[in-house]
Amino acid sequence: MYQEYTITVFSENHIGLLNRITLNFTRRKLNIDSLTVSESAIKGIYKFTIVVYCSKQTIINLVKQIEKQIDVIRAFYLTPDEILHQEIAMYKIATSALLETNEIEGIIRQFNARILEMTKGYTVIEKTGHKAETQELFEKLQPYGVLQFVRSGRVAITRLKKELLSNYLRKLENKQSVLV
Amino acid sequence: METLTKEKTEVQKDKSIRVTGSEALLMALIAEEAKIIFGYPGGAIMPVYDKLMDYELQHKLKHILTRHEQGAIHAAQGFARVSGKTGVCFATSGPGAANLITGIADAFLDSTPVVCFTGQVYSHLLGSDAFQETDIVGISMPVTKWNFQVRRADEIPEAVAKAFYIAKSGRPGPVLIDLTKDAMLNELDFSYKKVDKIRSYIPVPETKQYEFEKAVELINSAKKPLALVGQGVILAGAEKELEEFVDKTGIPVASTLLGLSALPSEHPLFTGMLGMHGNVAPNVKTNEADLLIALGMRFDDRVTGKVDTYAPNAKKIHFEIDKAEVNKIINVDVAVLGNIKQTLPLITNLVNENCHEVWSNSFIPYKDEEKRRVINKELYPYNGKISMGEVIRNINETLNGEAVLVTDVGQHQMIASRYFNFKNKRSLVSSGGLGTMGFGLPAAVGAKFGAPDKNIVLVSGDGGFQMTLQELGTIAHNKLPVKMIVLNNNYLGMVRQWQELFFDERYASTSITSPDFVVLASAYGIKGEHVHSHNELVEAMQRLWNCDEPYLLEVHVAKKGNVFPMVPAGAPVDRMVFGDEK
Ligand SMILES: Cc1ncc(C[n+]2csc(CCOP(=O)(O)OP(=O)(O)O)c2C)c(N)n1
Ligand SMILES: [Mg+2]
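First to last, the sequence lines map onto chains A and B.
Just so we're aligned, residue 1 is where the first sequence starts under my numbering, counting upward by one.
Just so we're aligned, residue 181 is where the second sequence starts under my numbering, counting upward by one.
None of these hints come from the bench; they were simulated from the model.
Computed from a predicted model, the values in this text were never measured in an experiment.
Any given hint could turn out to be false.
As the list claims (entries may be wrong) - Pairs of lysine-lysine, DSS-like flavour, derived with a Cα cap of 30 Å:
# : chain 1 : residue 1 : chain 2 : residue 2
1 : A       : Lys56     : A       : Lys29
2 : A       : Lys56     : B       : Lys508
3 : B       : Lys521    : A       : Lys175
Using the sequences and the hints given, assemble the complete structure.
Here is the structure:
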């Protein structure tokens with residue numbers, strides 16, 4: 001059965017490693033739905049959040065292969081009910097469109113979106129939420145003319161009680177050395 | 181580029197000395213006890229070669245100039261496979277580095293510890309399409325266990341230390357270090373510390389106590405157990421531990437191609453090779469067994485045949501060092517993670533003594549049938565042309581197993597692996613996972629350096645030999661007493677066999693003309709002779725072994741011989757074809 005999985009990867013470095021991680025998707029011809037990389041709460045440790053649609057067997061093998069990379073500290077996958085996640089979208093519309101009617105204001109209120117910047121020429125609206133929500137807003141604004149639209153990759157936080165990364169790191173640091 | 185570690189490496193000023201990056205690299209190799217380097221020079225790596233000359237004169241390091249970078253990497257692999265040490269090779273940037281890739285991919289699939297050092301253009305030129313610039317770190321990423329580009333001289337000691345640690349620890353594999361020319365030329369304060377730990381890397385996973393208990397329980401209660409030995413046993417140096425386990429439990433043993441020589445062929449419980457061109461009994465019995473004990477093997481598709489019908493009656497225990505291999509192809513009941521050299525003896529201590537006589541005896545009829553329908557004909561062809569099996573039988577009779585067999589890829593590889601008498605551990609060097617034609621000759625070069633006191637016999641095909649035959653130059657130059665046997669069937673035999681069986685005998689591009697290999701060898705000053713008949717074979721074999729120089733036999737074998745029995749691709753393992761069916 002195919003379903004959506006969110007993969008979280010913690011790694012030491014991140015240049016080059018992104019390539020090593022995505023190689024595992026390309027080899028399997030898996031499409032990455034969304035990808036975000038940022039430094040984690042711990043300095044020097046990076047967090048990748050990757051969304052992919054695949055089968056259970058695939059996700060299990062895929063995550064093992066990712067975790068096998070030397071610089072990867074930990075990798076795991078989560079199903080939609082195990083995470084809280086958000087994406088952010090930005091919409092640029094002509095300010096004249098906004099001023100001509102009250103409807104756009106209504107839409108912004110209804111969607112809990114907000115105006116980031118307004119100039120004589122354009123207005124930038126921002127909305128965070130799930131893809132379906134940001135998409136819906138896009139469609140609502142479309143008739144008034146959306147000049148630009150971008151959506152970020154997903155950021156996610158797990159609902160599960162996971163060992164804290166800092167504790168896990170301490171455990172790794174204390175592990176015995178292995179001479180072959 | 182990323183930094184190497186998070187902790188700042190404090191250089192101890194009193195213990196360090198000021199050297200160039202090139203010298204640091206060579207000093208690091210000495211610290212890692214890597215004495216032999218296989219390589220090929222060129223512009224970007226010249227500073228290293230220049231220093232290397234001094235180290236060679238002082239007999240601290242030895243460089244073997246191959247005739248192609250592919251030869252260098254296969255030689256490093258051959259060296260590593262026979263010696264258990266890490267193979268090292270050097271190549272220049274661009275084409276030199278790119279020529280290594282096939283061998284790196286081969287080492288990746290066959291878990292061979294090798295460290296490659298490639299020259300790279302000056303760091304300020306990176307990304308500018310400079311002369312002989314190629315993104316070798318990018319190219320090699322999918323086929324290396326780890327790779328890294330060194331851009332500063334002071335990164336060299338730690339990069340080398342990490343490279344050797346990663347290549348050899350856990351499940352071994354190839355590592356590539358790319359060094360910019362300025363990193364070689366600039367100076368650093370050199371001090372060397374071996375790496376024995378990397379925070380994000382767990383080479384040997386933890387073994388769970390309950391998995392031990394479950395394994396012991398399954399082994400004790402099994403009525404029809406079969407042990408499947410892979411190269412993991414050899415890589416762990418656990419041959420003795422394997423033998424003790426088998427002797428105590430009386431469990432029959434079968435081997436993958438790369439697991440061969442972990443247990444001597446003549447061990448009473450050894451039942452043969454698994455898989456496509458393996459033996460009938462272990463393949464058939466795989467599907468009858470009630471317990472499979474997989475020891476450092478990865479259920480390759482050449483071993484399992486059709487996965488859905490594989491070992492349907494068996495519980496499965498998987499002894500494995502690489503977590504990612506567990507449940508990858510075949511789901512198992514118990515996974516004993518860890519280093520098999522440590523885990524297996526613990527199991528041996530706990531399991532009951534047993535002998536499984538009835539079960540073991542049930543292998544015999546299948547063995548006899550294979551003998552009658554395939555083996556006897558292959559080993560003792562009473563008329564016509566020489567068969568490949570007959571040549572291997574002659575090697576066995578002449579040397580009684582006192583040799584390391586190196587093969588190329590094709591029919592001769594399967595026949596040699598099936599019939600060679602493996603007596604000593606680490607006595608097979610063959611390209612398994614990648615099946616790289618051209619592997620044999622350079623791997624034999626490396627094997628001779630890795631085991632100078634052993635007889636090294638290369639069995640190659642007329643096709644594969646031509647893929648890397650320039651390494652005859654390396655053999656001649658170093659006066660390496662490698663014994664070469666080219667089994668000439670005038671065909672790319674393995675492909676021709678498939679065409680015969682599965683493509684209506686349409687022999688598309690598989691008939692191959694070759695040079696006179698004996699004349700070719702003599703152009704390099706290497707002795708050799710042609711063998712056409714059964715009688716000539718026996719005598720030529722004597723001359724081959726009595727000569728203390730390199731020697732080549734070109735044996736003219738039957739043109740359309742086939743390797744049987746065979747599990748056709750995608751068929752269940754117990755449906756072997758013998759080739760004599762109507
Ligand atoms: C580099 C490479 N190219 C192609 C193949 C496909 N292939 C496998 S076996 C084989 C034929 C080998 O012919 P030869 O060396 O004469 O050995 P034989 O099978 O005749 O013993 C070929 C072409 C391969 N394994 N490796
Ligand atoms: Mg041939």
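Each hint, compared with the structure:
1. For a cut-off of 30 Å, the pair hint linking lysine 56 of chain A to lysine 29 of chain A stands: about 16 Å separates their Cα positions.
2. Simply put, lysine 56 of chain A and lysine 508 of chain B have alpha-carbon atoms about 12 Å apart, close enough for the 30 Å limit, and the pair holds.
3. Our distance criterion of 30 Å between C-alpha atoms is met by lysine 521 of chain B and lysine 175 of chain A, whose separation comes to about 20 Å.
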